[in-house]
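2 protein chains.
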Amino acid sequence: MDRREVLAGAAMLSGALLGGEALAQAGRRSTRNFRRIATEEAFATPEFVEACRDIVKAGWNSKDLDFWRGLLFRQNDPRLADLLDLDQQRLATMDRLGIDMQLLSLTSPGVQFFEPMTAATLATTANDHLAEAIRRHPTRYAGLAAFAPQDPKGAVKEMERAINGLKLNGFILNSHTNGEYMDDPKFRPILEAAAALGPIYIHPRPLPDTIDGPYRDMGLWTAMWGFQVETSLHALRILFSGAFDDFPDLKIVLGHMGEGIPYWLYRLDYMYPKMERMFTRKLKKKPSEYVKSNFIITTSGMNDHAALKYCVEVLGPRNVMWAIDYPYQEAEEATTFMNTAPVSNEDKALIFSGNAERVFKIAQS
Amino acid sequence: MDRREVLAGAAMLSGALLGGEALAQAGRRSTRNFRRIATEEAFATPEFVEACRDIVKAGWNSKDLDFWRGLLFRQNDPRLADLLDLDQQRLATMDRLGIDMQLLSLTSPGVQFFEPMTAATLATTANDHLAEAIRRHPTRYAGLAAFAPQDPKGAVKEMERAINGLKLNGFILNSHTNGEYMDDPKFRPILEAAAALGPIYIHPRPLPDTIDGPYRDMGLWTAMWGFQVETSLHALRILFSGAFDDFPDLKIVLGHMGEGIPYWLYRLDYMYPKMERMFTRKLKKKPSEYVKSNFIITTSGMNDHAALKYCVEVLGPRNVMWAIDYPYQEAEEATTFMNTAPVSNEDKALIFSGNAERVFKIAQS
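Here the protein sequences come in this chain order: A and B.
If you use my numbering, the first sequence corresponds to residues 1 to 365, in order.
If you use my numbering, the second sequence corresponds to residues 1 to 365, in order.
Because the hints were derived from the structure by calculation, they are not lab data.
Just so you know, these numbers come straight off a predicted model, no measurement behind them.
Quick reminder that beta carbons are idealized off the backbone N, C-alpha and C, glycines included.
Careful, some of the hints might be misleading.
Stated by the list, open to error - Chain B stretches covered by chain A per the calculated footprint, using a threshold of three residues with CB under 8 Å from any CB of chain A:
| no. | region |
| --- | --- |
| 1 | 52-63 |
| 2 | 122-132 |
| 3 | 219-225 |
| 4 | 300-308 |
| 5 | 341-354 |
Said to hold, decoys possible - Below, computed lysine-lysine pairings styled on DSBU-like, alpha-carbon distance capped at 30 Å:
| no. | chain 1 | residue 1 | chain 2 | residue 2 |
| --- | --- | --- | --- | --- |
| 6 | B | 186 | A | 309 |
| 7 | A | 63 | B | 186 |
| 8 | A | 63 | B | 274 |
| 9 | B | 251 | B | 284 |
| 10 | A | 251 | A | 274 |
| 11 | A | 292 | A | 274 |
Chain A on its own, in the form it takes in the complex (with noise of 0.2 Å):
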């Protein structure tokens, strides 16, 4: 038993003297106290959403847009009015919650499935669509640019103006564009930008057509399965073709717990050295110390203390960060998650706020 288990045992103790209600009373007390900031949340864009249903009327088979056509059509589906919306239903939720801020992102699956044109252009008006929403709600939002990487040039120069323009605090991007992944050569403008501009958030996307047939025939081709499938695999492509060597100060973030990665640090140290030589580039270091230094994982989706303790645990705190996936998961459940978690205060400020501040570069409030 360590001293924050025996906090937390004395807190409990004076909570049990003191009876239910004024316990639960402490508990609200308590946990107003951090400042809550949401990094993985959604929002879209009317040029966003029109541009997914031409693709779906005109019979274009996308598997991304497989995922979302109910919600593209479907009368009134509650998720598409809370992902367009900026300045209600949103802020009520996160007033209701005490959720202070919202780190926003263009929803999956983002841009990079589109011809490049209309990438690159729906990548714009989403980042001025975003940095206005910003300027309007300066406390409670800030934002992750989209990018089109089918044109890294183009790109970049998208990720100069969205963080020295348009003040913003990092990117999304969702996996692979169109079978390739960033380690590839020709991003490399991309990492080289994002490792002096801030973070890129890999968000997940379906996996490519050429290696899904085995998801896709039995429906893990989602969020049950394949999507960590596809996000880890890309996250280890970079990690692995050494970019974190040429660009020390890229950072990587990854939703879902760090999308299985933390739960393989032991055989990924052990295995390493024995698989050299399958590799172009030596590492200068362990596989794991660059998944400390470089990667930053989130609790989207995974509300869930067992696989957070481990995380704290294998990761240190100043590697998690708190997130919703607001609209598509439940807001309330994943401020509850956090709010009752089995961490230390500190640990909580941090996973709630802090990590987020230093990460994105938001003003601490």
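Put chain B on the given structure of chain A with help from the hints.
Chain B only, in chain A's frame:
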């Protein structure tokens, strides 16, 4: 703090009162009391090695053997001698480390990548070879039978012979067979037989060629990453096919701390009701309930206390078994890992041998 923690605390306190040296002695005494059964331990027959060499010599392109090629042809690779030995060095290592028993299985890549007739013959000779070794050393070995799923009817006959005739303890399967998984209706007789006869240990194998592109070109296709991607996919396909509703007694053993699946219990349960429409059958229980009732995991290749603690917490101590992966991983490291594991002595006894005795019907010593 539950009862076990209190007892552990009391043990530590009495250790402190005894002083350092007495404590170390007490530690040695207490660890000597565990029966140790290692559950993922490889052997090879001369026939199997010869058949692998034939494939390589004939110039056939075998991804499975790429991984093995050095071991087959390097002069005096000690691992090849260790795989073939069942009477000398293996027993000496076990004696030195206090390992009472190895549960043996034919080494990966197993028989599934051979032509069907060759596969069946190699499985039969391996099972006979294994049964003879157990007859020579009945207190030191138990064993898992190989079988050739290419011919499901023939496989079932060999499975019955292995359990009823040779008195083996279960089955070893090296994941996919020609890109097909055990949920395929043609393999149904094999799952039905296993439900009646004994558990199937699904050992990793490289991903099918059809879906390994971005693993292959980055050195991520073997034990670094691809092995668990392949094996967890296989296990989840069986689960979501509804096989455990048809065969509630079917047990699947997974190495490497459950191939990552224990990390995802919350998300599998959260997402399944939303994704149900993607599946042809509706499951009777929550996904995590099958993980706890029909999967059993081993620690093979994952000598990691944080992951062990996590698995004991989320799966319960009856669902975790100790393994080394001899001779591919170090027996001493795996033994020390479990000797010093941060779990109660009661749980340690289950993980070291109690669960293996129950699951594989190994007589208690």
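Given pair status - residue 274 of chain B, residue 63 of chain A, alpha carbons within 30 Å: 17 Å, holds
Taking beta carbons only, do three or more residues of the region 122-132 of chain B come closer than 8 Å to chain A? violated (count 0)
Is residue 292 of chain A within 30 Å of residue 274 of chain A, Cα to Cα? 21 Å, holds
Hey, residue 251 of chain A versus residue 274 of chain A, does the alpha-carbon distance stay inside 30 Å? Since the Cα atoms of residue 251 of chain A and residue 274 of chain A sit roughly 27 Å apart, the hinted pair holds (cutoff 30 Å).
Are residue 63 of chain A and residue 186 of chain B close enough, with their CA atoms no more than 30 Å apart? Holds: residue 63 of chain A and residue 186 of chain B sit about 29 Å apart, inside 30 Å.
Examine the region 52-63 of chain B: at least three residues should have C-beta closer than 8 Å to a C-beta of chain A. Violated - the region 52-63 of chain B has 0 residues with a Cβ nearer than 8 Å to chain A, which falls short of three.
Is the coverage entry for the region 341-354 of chain B by chain A consistent with the three-residue Cβ rule at 8 Å? The restraint on the region 341-354 of chain B is violated, since only 0 of its residues have a Cβ under 8 Å from chain A and three are required.
Verdict on chain A covering the region 300-308 of chain B, criterion of 3 CB contacts below 8 Å: holds (count 6)
With a cut-off of 30 Å on the C-alpha distance, tell me whether residue 251 of chain B and residue 284 of chain B pass. 17 Å, holds
Pair hint outcome, residue 186 of chain B versus residue 309 of chain A [Cα-Cα no greater than 30 Å]: 42 Å, violated
Does the region 219-225 of chain B contain three or more residues whose Cβ lies closer than 8 Å to a Cβ of chain A? holds (count 6)
Checked against the numbered hints above, the structure breaks hints 1, 2, 5, 6 and satisfies the rest.
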